[in-house]
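Put together the whole structure using the sequences plus the hints.
Residue 50 in the UniProt record's numbering sits at position 50 of the sequence shown; the count goes up by one each step and never skips.
Calculated from the structure, these hints are not laboratory results. For every residue, glycine included, the Cβ atom is placed at its ideal position computed from N, Cα and C. Any given hint could turn out to be false.
To be verified - Here are the simulated DSS-like pairs of lysine-lysine, each with C-alpha atoms no more than 25 Å apart in a straight line:
hint : residue 1 : residue 2
1    : K118      : K99
2    : K156      : K99
3    : K218      : K199
4    : K190      : K163
5    : K218      : K235
6    : K179      : K190
7    : K109      : K54
8    : K190      : K206
9    : K108      : K196
10   : K218      : K190
11   : K190      : K156
12   : K206      : K230
13   : K156      : K46
14   : K108      : K54
15   : K191      : K163
16   : K179      : K196
17   : K99       : K179
18   : K206      : K191
19   : K218      : K196
20   : K206      : K163
21   : K109      : K196
22   : K206      : K179
23   : K218      : K163
24   : K199      : K179
Said to hold, decoys possible - With beta-carbon atoms standing in for the labels, derived distance ranges:
hint : residue 1 : residue 2 : range
25   : S175      : I47       : 19 to 25 Å
26   : M82       : G192      : 37 to 43 Å
27   : N140      : D233      : 41 to 47 Å
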Amino acid sequence: MCWLSLGLMACQQPSSNHQNQAASTAQSADVYANLALTSDQIIPPKIEYTPNSKPQTVYFSANGEPSNKPVANGFYRQILGMTGDGRNVAQDYYADTQKQQTAPFVIKKGGNPTEFSKHILDSRVIWYSHHDGEIASVGNFHNGEQQDWLDVYEYKQLVVQLKDNSTGIAMRFFSPDDKIWGEGEIAQGKKGLEIKQLKFYHPNGKIMSQMDIDPNGKPIGMTTFDESGKELDDKQNATFNQILLARFGVVVHKLPTLMARTNAS
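Listed below in C-alpha coordinates is the structure:
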(Lines of atoms letter the chains of each structure in order from A and count residues from 1; the text may use other names and numbers.)
(Lines give C-alpha, C1' and ligand atoms only; values in the text may rest on other atoms or scores of the structure.)
Protein backbone atom coordinates (compact mmCIF):
# COMPACT_ATOMS: atom_id res chain seq x y z
CA MET A 1 0.00 0.00 0.00
CA CYS A 2 1.25 3.45 -0.84
CA TRP A 3 1.75 5.90 2.00
CA LEU A 4 2.21 9.62 2.33
CA SER A 5 4.73 11.74 0.50
CA LEU A 6 5.94 14.60 2.67
CA GLY A 7 8.20 16.21 0.11
CA LEU A 8 5.49 18.42 -1.36
CA MET A 9 4.65 19.95 1.97
CA ALA A 10 8.24 20.36 3.00
CA CYS A 11 9.47 22.19 -0.07
CA GLN A 12 6.57 24.27 -1.38
CA GLN A 13 5.71 27.48 0.44
CA PRO A 14 2.23 29.01 0.17
CA SER A 15 1.56 32.69 -0.22
CA SER A 16 1.61 34.30 3.20
CA ASN A 17 -0.85 37.16 2.87
CA HIS A 18 -3.64 35.58 4.91
CA GLN A 19 -4.49 35.54 8.59
CA ASN A 20 -5.15 32.34 10.48
CA GLN A 21 -8.04 33.08 12.79
CA ALA A 22 -7.69 29.68 14.46
CA ALA A 23 -4.06 30.34 15.38
CA SER A 24 -5.06 32.42 18.38
CA THR A 25 -7.47 29.79 19.69
CA ALA A 26 -6.26 27.22 22.19
CA GLN A 27 -7.39 23.60 22.13
CA SER A 28 -10.64 22.79 23.87
CA ALA A 29 -10.23 21.25 27.30
CA ASP A 30 -12.76 18.51 26.47
CA VAL A 31 -10.10 16.86 24.28
CA TYR A 32 -8.63 15.46 27.49
CA ALA A 33 -11.90 14.43 29.13
CA ASN A 34 -11.92 10.76 30.19
CA LEU A 35 -8.60 10.21 28.42
CA ALA A 36 -6.27 7.43 29.62
CA LEU A 37 -2.87 9.03 29.04
CA THR A 38 -1.02 5.94 30.25
CA SER A 39 -1.92 2.29 29.78
CA ASP A 40 -1.65 1.76 33.55
CA GLN A 41 -5.00 3.56 33.82
CA ILE A 42 -6.76 0.94 31.66
CA ILE A 43 -8.82 -1.76 33.33
CA PRO A 44 -9.81 -4.79 31.21
CA PRO A 45 -13.59 -5.08 30.82
CA LYS A 46 -15.49 -7.58 32.95
CA ILE A 47 -17.63 -9.71 30.65
CA GLU A 48 -20.28 -11.97 32.13
CA TYR A 49 -20.68 -15.17 30.14
CA THR A 50 -21.20 -18.91 30.45
CA PRO A 51 -17.90 -20.69 29.65
CA ASN A 52 -17.84 -23.42 27.02
CA SER A 53 -17.03 -26.88 28.33
CA LYS A 54 -14.10 -26.82 25.91
CA PRO A 55 -13.01 -23.63 24.10
CA GLN A 56 -13.25 -23.79 20.31
CA THR A 57 -10.02 -22.75 18.56
CA VAL A 58 -9.89 -20.91 15.22
CA TYR A 59 -6.60 -20.29 13.38
CA PHE A 60 -5.56 -17.32 11.24
CA SER A 61 -2.63 -16.42 9.02
CA ALA A 62 -0.49 -13.34 9.65
CA ASN A 63 -2.86 -11.48 7.28
CA GLY A 64 -5.95 -12.60 9.17
CA GLU A 65 -7.06 -15.28 6.71
CA PRO A 66 -8.80 -18.24 8.41
CA SER A 67 -6.97 -21.57 8.44
CA ASN A 68 -7.81 -25.11 9.56
CA LYS A 69 -4.43 -25.45 11.27
CA PRO A 70 -1.85 -23.28 13.07
CA VAL A 71 0.07 -20.86 10.84
CA ALA A 72 3.60 -19.61 11.54
CA ASN A 73 3.57 -15.96 12.69
CA GLY A 74 -0.21 -16.06 12.62
CA PHE A 75 -2.88 -15.93 15.29
CA TYR A 76 -5.43 -18.15 16.92
CA ARG A 77 -8.74 -17.38 18.58
CA GLN A 78 -10.40 -19.23 21.41
CA ILE A 79 -14.19 -19.05 21.67
CA LEU A 80 -14.53 -18.93 25.44
CA GLY A 81 -18.28 -18.99 25.92
CA MET A 82 -21.52 -17.10 25.38
CA THR A 83 -23.23 -14.13 27.00
CA GLY A 84 -26.75 -14.38 28.35
CA ASP A 85 -28.14 -12.76 25.19
CA GLY A 86 -26.42 -15.21 22.84
CA ARG A 87 -23.19 -13.45 21.81
CA ASN A 88 -19.88 -15.30 21.61
CA VAL A 89 -17.00 -14.26 23.87
CA ALA A 90 -13.53 -14.78 22.41
CA GLN A 91 -9.85 -14.01 22.95
CA ASP A 92 -7.03 -13.83 20.38
CA TYR A 93 -3.44 -15.04 20.77
CA TYR A 94 -0.13 -14.83 18.91
CA ALA A 95 0.52 -18.28 17.42
CA ASP A 96 4.30 -18.25 17.82
CA THR A 97 4.35 -17.28 21.52
CA GLN A 98 0.86 -18.32 22.73
CA LYS A 99 0.69 -14.91 24.42
CA GLN A 100 -2.53 -12.92 24.35
CA GLN A 101 -3.10 -10.52 21.48
CA THR A 102 -6.35 -9.28 23.03
CA ALA A 103 -8.21 -9.40 26.29
CA PRO A 104 -11.53 -11.30 26.10
CA PHE A 105 -14.05 -9.49 23.89
CA VAL A 106 -17.62 -9.92 22.68
CA ILE A 107 -18.58 -10.84 19.12
CA LYS A 108 -21.80 -9.26 17.89
CA LYS A 109 -24.90 -11.43 17.66
CA GLY A 110 -24.74 -13.35 14.39
CA GLY A 111 -21.08 -12.38 13.87
CA ASN A 112 -18.78 -14.96 12.31
CA PRO A 113 -16.11 -15.99 14.86
CA THR A 114 -13.81 -17.00 11.98
CA GLU A 115 -13.73 -13.40 10.69
CA PHE A 116 -10.59 -11.52 11.77
CA SER A 117 -12.18 -8.08 11.46
CA LYS A 118 -13.44 -5.17 13.53
CA HIS A 119 -16.84 -5.66 11.91
CA ILE A 120 -17.69 -8.48 14.34
CA LEU A 121 -16.71 -6.61 17.53
CA ASP A 122 -19.34 -5.67 20.10
CA SER A 123 -17.49 -4.53 23.23
CA ARG A 124 -14.44 -2.72 24.51
CA VAL A 125 -11.33 -4.38 23.05
CA ILE A 126 -7.78 -4.27 24.40
CA TRP A 127 -4.88 -5.31 22.16
CA TYR A 128 -1.45 -6.31 23.50
CA SER A 129 2.00 -5.87 21.97
CA HIS A 130 3.67 -8.90 20.42
CA HIS A 131 7.01 -7.46 21.51
CA ASP A 132 6.58 -6.92 25.24
CA GLY A 133 3.02 -7.90 26.14
CA GLU A 134 2.10 -4.36 27.17
CA ILE A 135 -1.19 -2.77 26.15
CA ALA A 136 -0.85 -1.60 22.55
CA SER A 137 -4.29 -0.13 21.84
CA VAL A 138 -7.83 0.14 23.16
CA GLY A 139 -11.10 0.74 21.35
CA ASN A 140 -14.85 0.57 21.94
CA PHE A 141 -17.09 -1.14 19.39
CA HIS A 142 -20.83 -1.69 19.07
CA ASN A 143 -22.36 -4.03 16.52
CA GLY A 144 -19.16 -3.94 14.45
CA GLU A 145 -18.76 -0.15 14.46
CA GLN A 146 -15.98 1.79 16.18
CA GLN A 147 -17.63 4.13 18.69
CA ASP A 148 -14.95 6.70 19.46
CA TRP A 149 -11.17 7.10 19.33
CA LEU A 150 -8.87 4.08 19.16
CA ASP A 151 -6.12 4.83 21.70
CA VAL A 152 -2.63 3.61 20.74
CA TYR A 153 0.18 3.23 23.31
CA GLU A 154 3.94 2.79 23.22
CA TYR A 155 6.00 2.25 26.37
CA LYS A 156 2.73 2.71 28.31
CA GLN A 157 2.24 6.27 26.98
CA LEU A 158 -0.61 7.37 24.72
CA VAL A 159 0.99 8.31 21.40
CA VAL A 160 -1.78 8.31 18.77
CA GLN A 161 -5.55 8.26 18.52
CA LEU A 162 -7.32 7.05 15.37
CA LYS A 163 -10.99 7.45 14.47
CA ASP A 164 -13.01 6.51 11.40
CA ASN A 165 -15.18 9.24 9.92
CA SER A 166 -17.18 9.78 6.75
CA THR A 167 -14.19 11.09 4.78
CA GLY A 168 -11.27 9.03 6.10
CA ILE A 169 -9.41 8.46 9.35
CA ALA A 170 -8.84 11.27 11.86
CA MET A 171 -5.62 11.26 13.90
CA ARG A 172 -4.33 12.90 17.06
CA PHE A 173 -0.67 12.79 18.11
CA PHE A 174 0.44 13.05 21.74
CA SER A 175 3.80 14.18 23.10
CA PRO A 176 5.62 12.55 26.06
CA ASP A 177 4.25 15.28 28.36
CA ASP A 178 0.68 14.13 27.60
CA LYS A 179 -0.23 17.06 25.36
CA ILE A 180 -1.65 16.92 21.84
CA TRP A 181 1.10 18.12 19.53
CA GLY A 182 -0.68 17.42 16.26
CA GLU A 183 -3.93 16.48 14.54
CA GLY A 184 -4.64 15.29 11.03
CA GLU A 185 -6.85 13.35 8.69
CA ILE A 186 -5.97 10.87 5.98
CA ALA A 187 -8.16 9.37 3.27
CA GLN A 188 -7.80 6.89 0.45
CA GLY A 189 -6.98 8.68 -2.80
CA LYS A 190 -6.28 7.54 -6.35
CA LYS A 191 -2.59 7.01 -5.56
CA GLY A 192 -2.93 5.70 -2.02
CA LEU A 193 -3.53 7.39 1.30
CA GLU A 194 -3.51 11.19 1.20
CA ILE A 195 -3.28 13.82 3.92
CA LYS A 196 -6.46 15.89 4.04
CA GLN A 197 -5.68 17.92 7.14
CA LEU A 198 -2.62 18.46 9.33
CA LYS A 199 -1.99 20.78 12.29
CA PHE A 200 0.73 21.06 14.93
CA TYR A 201 0.39 22.86 18.27
CA HIS A 202 2.53 24.93 20.61
CA PRO A 203 2.71 23.74 24.25
CA ASN A 204 0.10 26.39 25.12
CA GLY A 205 -2.39 24.68 22.79
CA LYS A 206 -2.34 27.32 20.04
CA ILE A 207 -1.65 26.35 16.45
CA MET A 208 2.04 26.24 15.57
CA SER A 209 1.70 25.08 11.98
CA GLN A 210 -1.05 23.98 9.62
CA MET A 211 -1.22 22.49 6.16
CA ASP A 212 -2.52 24.71 3.38
CA ILE A 213 -4.95 23.27 0.81
CA ASP A 214 -5.62 24.64 -2.68
CA PRO A 215 -9.20 24.92 -4.08
CA ASN A 216 -8.88 21.42 -5.55
CA GLY A 217 -8.06 19.90 -2.18
CA LYS A 218 -4.34 19.51 -2.90
CA PRO A 219 -1.80 20.25 -0.12
CA ILE A 220 0.48 23.10 -1.19
CA GLY A 221 2.59 23.75 1.88
CA MET A 222 2.59 24.63 5.57
CA THR A 223 2.09 27.95 7.33
CA THR A 224 3.64 28.47 10.76
CA PHE A 225 2.74 30.80 13.66
CA ASP A 226 4.43 31.86 16.88
CA GLU A 227 2.80 31.30 20.27
CA SER A 228 0.86 34.56 20.01
CA GLY A 229 -0.65 33.61 16.63
CA LYS A 230 1.63 35.79 14.47
CA GLU A 231 2.58 34.23 11.13
CA LEU A 232 6.30 33.57 10.67
CA ASP A 233 8.27 34.62 7.61
CA ASP A 234 9.13 32.13 4.85
CA LYS A 235 12.59 31.29 6.21
CA GLN A 236 11.35 30.59 9.74
CA ASN A 237 8.38 28.74 8.27
CA ALA A 238 10.62 26.41 6.26
CA THR A 239 12.89 25.68 9.24
CA PHE A 240 10.02 24.92 11.59
CA ASN A 241 8.26 22.69 9.11
CA GLN A 242 11.31 20.62 8.25
CA ILE A 243 11.49 19.72 11.96
CA LEU A 244 7.75 19.15 12.37
CA LEU A 245 7.40 17.04 9.23
CA ALA A 246 10.38 14.90 10.21
CA ARG A 247 8.67 14.24 13.54
CA PHE A 248 5.38 13.53 11.79
CA GLY A 249 7.20 11.19 9.40
CA VAL A 250 8.11 8.93 12.32
CA VAL A 251 4.40 8.53 13.08
CA VAL A 252 3.51 8.04 9.41
CA HIS A 253 5.87 5.08 9.12
CA LYS A 254 3.99 3.43 12.00
CA LEU A 255 0.55 4.03 10.52
CA PRO A 256 0.23 0.71 8.63
CA THR A 257 0.63 -1.16 11.92
CA LEU A 258 -1.53 1.26 13.88
CA MET A 259 -4.33 1.32 11.32
CA ALA A 260 -4.35 -2.48 11.14
CA ARG A 261 -5.80 -2.37 14.65
CA THR A 262 -8.84 -0.50 13.35
CA ASN A 263 -9.41 -3.22 10.76
CA ALA A 264 -8.65 -6.43 12.62
CA SER A 265 -9.32 -7.77 16.06
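Hints numbered earlier in the text: which of these fail when held up against the supplied structure? 6, 8, 9, 11, 17, 18, 21 and 25
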